[in-house]
Amino acid sequence: MKQFIEGSRAVAEAVKLCRPGVISAYPITPQTHIVEELAQMVAQGDLNAQFVNVESEHSAASLVLGATATGVRSFTATSSQGLLLMAEVLFNIAGLRLPLVLTCANRAVSAPINIWNDHQDAETVRDSGWIQLWAEDMQDVMDLHIQAYKLSEDKRVCLPVMINMDGYILTHGIEVVDVPTQEQVDKFLPKYNPLYKLDVDKPMTLGFLAGPDYYLETRYAIQSTMSDCLKIIPEIVADFKNIFGRSRGGLVETYRAEDAQSVIVAKGSIIGTIKDTVDELRNEGKKVGAVKIITTRPFPAEVLNKCLLGIANIAVVEKAISLGAFGPLFADIKAVLSANPKQKLSNFIVGLGGRDISKQTIREIFEKLVKTDETCQFIGIKPELLTGENPQESFSDE
Amino acid sequence: MKEIRIHARAGQGAITTATILGHAYFAEGKFPYAFPYFGAARMGAPMNAFVRVDEKPVRLRSQVYEPDFLIIADATLMRGFNCFTGLKNKGVAIINEKETLDLKEVKPGQKVFFVPANDIAMETIGRPIANTALLGAFAAATNEFKLDSLIEAINKRFSENLAKVNIAAAQKGYEFISKATTYGAKRT
Amino acid sequence: MFGPIVSKSGSGVKYKTGSWRTTQKPKFLKKNCIACKMCIMICPEGCISGKEKNTFDCNFDYCKGCGNCVAICPKKDIIMEKE
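Residue numbers (the working numbering), protein chains in the order written: chain L, 107 to 504; chain S, 4 to 191; chain C, 6 to 88.
These aren't lab readings, by the way, just hints derived from the structure by calculation.
Check the hints yourself; a few may be wrong.
[What the hints assert, rightly or not] Okay, the calculated bits of chain L under chain S, using three or more residues with CB under 8 Å as the criterion:
1) 274-288
2) 458-466
[Unchecked claim] Stretches of chain S that chain L covers, calculated by requiring three or more beta carbons in the stretch to come under 8 Å of a beta carbon on chain L:
3) 62-71
4) 138-149
If you're wondering where the values come from, they're calculated on a predicted model, not measured in any experiment.
Just so you know, even glycine gets a beta-carbon here, dropped at the ideal spot from N, CA and C.
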């Protein structure tokens, strides 16, 4: 049924429909509404789950790790500093091959302290072995969560899934969302039936020491499964379409890119703004398009290569940067396209710490990308805020 | 596509206003996207909430720079700050203010409606929470949606008694505009 | 694909650490024992057992010969002897 609901509410509704047994989280802006909604659902008896309050994100992640290890479907959500405090446990969850779903309300990372949206938090843990999906709008948010449990718990996968939604823009935005019925979700998502679990009646050891003789194989296995996921994810999207009647999620989506001379590659909610700008520029006769990356881990190298084949000018537009190098997505795409020297590939950094991205910003990028293949061009820099030598000089009182 | 910018102070309920406004559009089968922008995240600090609405799902995620409509929840927000920046040439502004102010920022063709929304709220709700009165005035001033759609949205947002008093506030706001003359209309 | 991430419980039992002993092993004298169980708790291999006074002994399949039990025994009722 179509409802006019907040993005955070859409997450809570989706998670509720997936019937988790354990939820644990520590509140952090802008993730807070998600767990408030879930806590209320549990308190009112609408959701039969244990909601465990903990003292930090490290504990929250550890708790859902333990719960999943005992064979219970679990959920957690966090943001920014919270995700980084979880980082150690994130590697453990993936390393132990535990299916889990985490919502990351993407937010900038301190310092300076900033509660607004960018992608630095999730990009910083991209090597942890988690599958990473990125939502463009509230319907994506809803549908990706339902797909995420199915993907994560698939016996060929057994890897955790992180769903990224832009803080405020999606978490606090209110939009029309088609909320599926419990029957539909039950039909799509079977009960969690783990391959292995901690059980006092059938004891086993999970997470033992793996020395130089063993560790390499655990990493190889995850890498190999990640590559399998590139085939499994489209299967799940097809299953989803059969039951829910709409196609959401997947690896990559193109928008008017087929005959385009210039495209912008991006992920998350910025794609909507790019699509609107593409339409405007097309009306002005410019051959432009957009490529939306939905799944960044596993990285859909082959599919992307196919989408970008023959496009003369490509700009990777990112809300994150690997300081001292490039935008992380740019580095991945550069690796994919290295075989084609005729293409112009540039990298733009936008929207860090919530700097607004308007259609004008996107137009500026479309103008610049045909002239350059520079990396890490920051858009919207205010030169008056940049000081030369001593920062006290520009910010001290006159 | 229509764009609405709400100017308020954190704590005045701008997000609730945007939610109800969006819901009124939703009740008429449109696709609204309502969202806030927090500044200092402190009570009393100026902040914005926005609604963008279209016949099809809205994709644009930036803030609103050229609104069709403005709602100013408190006239003190205009002290030293031009709330009218970017307002479209035929734009409409609803301001919570008893007096008719002379606003230099207003261009010919733009319409400004002053609504004593605090007084209406005190009468109906018993507290100076002006949002629903302003929304009633918005419905009358812009003809964007029917009063019934607004009432449906208020019923969705508030439980029984609160809904009743807020609906009364919305109705009074609506009626006030049906009778009022506008500042912009006088100028042109 | 999975790597080595789980193992059956009790797999450590197969690993007989007794072969790690070099020159000395403990001898339980069973004369002045007060059944304080300090030797059980200090043993890194958990291979000492016993309940009543003067009944304690260790399993040489797993004893590494570290001598911790000798050092902790308050009655000096355990000594190290040559293999």
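Exercise for the section: Determine which of the earlier numbered hints do not hold for this structure and return their numbers in increasing order. Expected result: 4
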